[in-house]
Amino acid sequence: MNDIDLTAADALLGTDTARFRHDYLEVRGLRVEFDGFVAVRDVDLTVTQGDLRFLIGPNGAGKTTLIDAVTGLVRATGSAAFGGTELLGRTTHRIARAGVGRTFQTASVFEELTVLQNLDIAAGARRRPLSLLRRRADPPAAVDQALETIGLTALRDTPAGVLAHGQKQWLEIGMLLVQDAHLLLLDEPVAGMTQAEREETGQLLRRIGSQRVVVVVEHDMEFLRSFADSVTVMHQGQVLAEGTVNEVQNDPAVVEVYLGADAASSDATTTGSAEPVATEGDHS
Amino acid sequence: MRPRSLSRHGVTRLSTVSLAALAVVALSACGARVDSGEAAPTAAESCVDTSGDTVKVGFLNSLSGTMAISEQTVHDSLQLAAEEINADGGVLGKQLEIVSEDGQSEPTVFAEKAGKLITSDCVAAVFGGWTSASRKAMLPVFEAQDSLLFYPVQYEGLESSPNIFYTGATTNQQIVPALDYLAEQGTESLFLVGSDYVFPRTANKIINAYAEAHGIEIVGEEYAPLGHTDFSTIVNKVKSADADAVFNTLNGDSNVAFFKEYNNAGMSADEMPVVSVSIAEEEIGGIGVDNIEGQLTAWNYYQTVESPANEAFVEAFKAKYGEDRPTSDPMEAAYTSLHLWKAMVEKAESFAVADVVAAADGVTFDAPEGQVVVNGDNHHIAKTALIGTIGEDGLIHTEWSSGEPIEPDPYLEGYDWADGLS
Amino acid sequence: MDIIAQLFAGLSLGSVLLLAALGLSLTFGQMGVINMAHGEFMMAGAYTAFVVQGVVGDAGVSLLLALPLGFVVGGLLGLLLEATLIHRMYRRPLDTLLVTWGVALVLQQVARDVFGAPNVDVRAPAWLSGAVEIGGLALPRTRLFILALAAVCVVALALALRATPLGRRIRAVVQNRDLAEASGISSRTTDRVTFFIGSGLAGIAGVALTLLGSIGPTLGTNYIVDAFLVVVAGGIGQVKGTVIAATALGLMQAFFEYSTTASVAKVLVFVAVVAFLQLRPQGLVSVRTRSLA
Amino acid sequence: MTVLSALARPGRTRTLAAYGLAAALLLLAPTVLSPFRLDLLAKFLCLAMVAVGIGLAWGRGGLLTLGQGVYFGLGGYLMAMHLKLADAGPGGVPDFMLLYGTGQVPGWWEPLRSPIAAILLILLVPAALAAALGWAVFTRRVRGAYFAILSQALAAAFTILLIGQQQTTGGTNGLNGFRAFFGYDLADPANRLMLYFIAAAVLLGMVAVAHQLATSRFGELLVAVRDQEDRGRFLGYDPALVKVVAYVVAAVMAAIGGALFVPIVGIISPADVGVVPSIGFLIGVAIGGRATLLGPVLGSIAVSWAQTSISEQFPSGWIYFQGALFILVVAFLPGGLASVAGVARRRRTAERSRA
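These protein sequences, in sequence, are chains B, Y, S and L. Sequential numbering from 1 applies to the first sequence in this note's numbering. Sequential numbering from 1 applies to the second sequence in this note's numbering. Sequential numbering from 1 applies to the third sequence in this note's numbering. Sequential numbering from 1 applies to the fourth sequence in this note's numbering.
Keep in mind the hints are simulated off the structure, nothing from the lab. Please read these numbers as outputs of a predicted model, since none were measured by experiment. Check each hint, because a few of them may be wrong.
In silico DMTMM-like links for lysine to aspartate or glutamate, alpha-carbon gap of 20 Å or less [stated by the list, open to error]: (1) Y/94 - Y/83; (2) Y/239 - S/113; (3) Y/205 - L/95; (4) Y/320 - S/113; (5) Y/56 - Y/146; (6) S/240 - B/35; (7) Y/239 - S/133; (8) Y/205 - Y/221; (9) Y/56 - L/312; (10) Y/205 - Y/188; (11) Y/205 - Y/217.
Selected chain L positions facing chain S (in silico; Cβ < 8 Å) [what the hints assert, rightly or not]: (12) 140; (13) 148; (14) 208; (15) 323.
The C-beta atom is built at its ideal place from N, Cα and C for all residues, glycine as well.
Can you make the complete structure from the sequences, with help from the hints?
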């Protein structure tokens, strides 16, 4: 098994002091409706660089819908700004070009392309159209650094489809890094990983979080306790509580609606991403 | 070879080289220009082989695709004619050897297969084609290769190729007599319904000119795309126009849908008769006798025509293909076309195209429809026009006849009212 | 008066399109792609009517017999297609389209070889000939019958999908195959039953079409493109969308055709569907999902 | 270039060899084929041009286009209109318009009198239509079966329009009876040979273009967008744009194929451009291997050849054969015959490495 290489990650992330503490995600009054059903209502959320934020809540709480709204996948009202740029109302690819990257519950990589090609594409959204018509000469430096970071250098010419589950998720994170995303929205990044992989992933996320704005949706409470700087709890489309792990764990409201169901939801995480991909509001 | 040399530009370089090579070859292969005054080499010499006991002829009909319904019947009667001729000693003592090709209901395929029959199979003549499109597609091939086509279907006229013999009716042998009949019956208004293609549009142009000259009012003119199956709107229009008669140039499946709708809307032959020019005996079964009984058709032959030649033809056809198979005008015209070719060849005593064409004028054949005569000028044949009524037996019975064969006039030059049509 | 006649013509055409598209939308939802052989299942239904009439003789009795038999024949053909080919291909929807096209070609040629290339005739029963006169307006009885038949099919299908446990499972699969599978619903039985019903409806449509048009090997191809457009415009998963789309397309064709020509009307209907899909890319009625596929 | 990356593309040598072999065969074909068979081969090459474009759009881009006949037809009709006008001479009126039309050349025909304008329009009109339609549907994320059906309806509408405008398009008859191709007499065998070589060169050129596109970053992006459209979008690409480019390239290739088809075959009619021929274009691509470089070309030529020779023997046999090909190849061999070769090769390589 190849390992995460944190030194390479540092080289890739750089220490852009000019940006320090200037990037932040600011969500205000966000509301998402599906055919009359309100999936997310009046959500306010502020996440700054250096604050590795975890987003938790029971199934159907609106966590993924919130990410969908910020990345333009579903229509929403209210405001979601990153680095002073309003994201709502833009098309998804323009939001991505504004420096927003995300992962999905099930790893979403280009399975027929090699690891190298995956990263090269991720690095290339700002390429000039004509350069696309040429064959790749040597991959950009960032791609090599990303390969080192996610420990897939030896597998760079392997089709992504044959990678192990955890490796795919790492590849997806690597793609966000070469994409030069400054806001990373990660949907259950450690689902299905072994304990050792979780540990490594956590370390990497912490390192990324120091240089980027990172929001992680996660069910695994132990993972959360180990790596979260702060936690936002969602319930029925609303923010229920926000604070450090300790604060949230001791919040009576959270204990009542969420941690009471803790046992059930950690069962779910052990079976992988068991949350159905269906509409949260589909009561038909 | 090291991988390197093959790597980046290898394919591009090779393709450049091969493209350049081909371009050079292409240019060096240039032949005559039409504007340079150089004489283009004439078409390849005919490769027809008449040295043996047999001579090849080609049958080119759609045996697959949408037109197979109609063209299969023509193919069958051509086969019958060939068998009869061979049994009778062949043509100039040579047995006919049939090369059969499928036109697949596509004009492009007709053109391709015509080329194959002429240049690869070296047939002495080709028999077939049905749609105007297939004939138009084949025409340049036959002219370029200077070969012969016998085309057995009534058509829209305005054509007379030196390389084609037209054994079906042209417009003055079918449409004009049908209009004469309607005028005789006191028809004062007509509604025109047709499929959206060449024959109906040209026919309706002629009908409009005729109507104007004879004081008949055209109260409506509707076209349906080929294969159209919903005629409620068109029938609504026909019904509210309340014409004395309907002139129908619909083709194929559309006739079924049209007549079912026509009947269901409560209209009948007594009330508003429909004259059809593309419905022959073999289509009546598919439309349903109930739906079309009493309606009129215009052709030059019906299975019920009374003549010794027709009795023999119908009997032979049924003996070969079954009692339930009717005979129809295009089948008769195809049957006649092979016999006419035999008569021309024997008159010319040669299979060569130029000799056959030169001998064609005045050649006669005692066809099932009556005696037909070839017009050497326009390559059509003189035919008697017949208006028929569809009976409950599913056959068509002659209602009116032009009495004598009508000389073919594909450009309607003998009709004053048709000036400026072409 | 003319407007009312055209309104009826449009509704009637809509009911024909609906019969052709109803089963198609069911199988479309289930397998995620349009079954190009659906038109040939209609053809099979039409030939069933022909064969039944040949055996029974009486036009009225044979029509009433042919409707359920056409359903069974169409359904069995669908079942066979599902069991031999489609079930291997649920993950490759676009390929299914090509495979079913191949099946359509073969079925057409089989019909040609079995029944002959020329059209055959199915007589309409006496009680369906002629028209009902209402206030000077003649409504052909066959058209009324088909309108009623379409309504019966829609109601029966909607009830079956809503009220029976199997129907609910079918709806679950049609609306979201992945979710249904994750919930353990999608058994082979559900797939097969869906296909049987969808293709059976094509058979019924074929029987009904014998009252209106030609019965020949290419019967299906005459209707299939229009039926596709209905399904695409109507959206997946709900009978409602198909009903509205079929009615709308029928009315549009009838009124465009009345004011222009049949050819222009067809082109205009196509333009209207493309424009409509600009507004609602997933069709009229779509079940919103968060799925990323 | 490292050994590792050379190993990653073991296909390069083979591609090159296959390309060279194809070029050599095309160059030598005239020496062994009769003029009739050579004309047929030239026609097959034109159809193969459509297949190259479909290989790119469908094989690489996942865009199942059931309406390539439209672009083939646009190219073909534009060329045919030019040839008709050229035959009629300056200010002349094409023969069929005298017969069926008003006897006047409609205004929208006039630009095609100029050979240069004709060539430009043959390239630009299909490109513009494909760009407009592609942009409209892909930005609205119409995809999969919806796109396939829309493209098919487009083909249906196109033929209805062509047939309905008999006075200006020749209706069901189409356009035919051309005498000359840019001044060269079409009856002269030397000129027919020239046309064959032009078709061969254009096809090879298209294959080279398709190869370059497929192996470039654009080609990788196309595959990426095909398999994970949303992932591409979240990386900042506009998938609609990527698809539109592939669709336009495929359309232009089909149009060029159509334009060369006209002088070679001598006719273009609605029956060559409708729903059925549009689907027919796909079968060769599917059989040869949709995602490979030469697969679509070879598959298309093989299918055309089979159609001609099988239908010469058994008319209805061809329909069964074509249907069976669709069913068997697509259902059981989605990679086409190329994938059979691929499997065999991998097995050989595996054995060799074990030895």
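So, going through the hints one by one against the coordinates:
The hinted pair formed by residue 94 of chain Y and residue 83 of chain Y meets the criterion: a straight-line CA distance of about 13 Å does not exceed 20 Å. With a CA separation close to 39 Å, the supplied pair residue 239 of chain Y and residue 113 of chain S exceeds the 20 Å bound. In summary, the hint linking residue 205 of chain Y to residue 95 of chain L is supported, as the alpha carbons are separated by about 18 Å, within the 20 Å threshold. In summary, the hint linking residue 320 of chain Y to residue 113 of chain S is supported, as the alpha carbons are separated by about 19 Å, within the 20 Å threshold.
Between residue 56 of chain Y and residue 146 of chain Y, the direct Cα distance comes to roughly 16 Å. Compliance with the 20 Å bound is thereby established for this hinted pair. At roughly 16 Å between alpha-carbon atoms, residue 240 of chain S and residue 35 of chain B fall within 20 Å of each other, so this suggested pair holds. Simply put, residue 239 of chain Y and residue 133 of chain S have alpha-carbon atoms about 14 Å apart, close enough for the 20 Å limit, and the pair holds. Of the supplied pair hints, the one linking residue 205 of chain Y and residue 221 of chain Y holds, its CA atoms being roughly 10 Å apart against a limit of 20 Å.
A hinted pair counts as satisfied when its Cα atoms are at most 20 Å apart, and residue 56 of chain Y with residue 312 of chain L qualifies at roughly 16 Å. Only pairs whose Cα atoms come within 20 Å are accepted, and residue 205 of chain Y paired with residue 188 of chain Y is accepted, the gap being roughly 18 Å. The hinted pair formed by residue 205 of chain Y and residue 217 of chain Y meets the criterion: a straight-line CA distance of about 14 Å does not exceed 20 Å. Annotation: interface hint on residue 140 of chain L holds; nearest CB of chain S at approximately 4 Å, less than 8 Å.
Because the closest C-beta pair between residue 148 of chain L and chain S is about 6 Å apart, less than 8 Å, the hint holds. Given hint, residue 208 of chain L at the interface with chain S, is violated; its Cβ is 28 Å from that chain's nearest Cβ, farther than 8 Å. The beta carbon of residue 323 of chain L is positioned within 8 Å of a beta carbon in chain S (closest approach about 4 Å), and the interface hint is therefore held.
Against the hints set out earlier in the document, violations occur for numbers 2 and 14.
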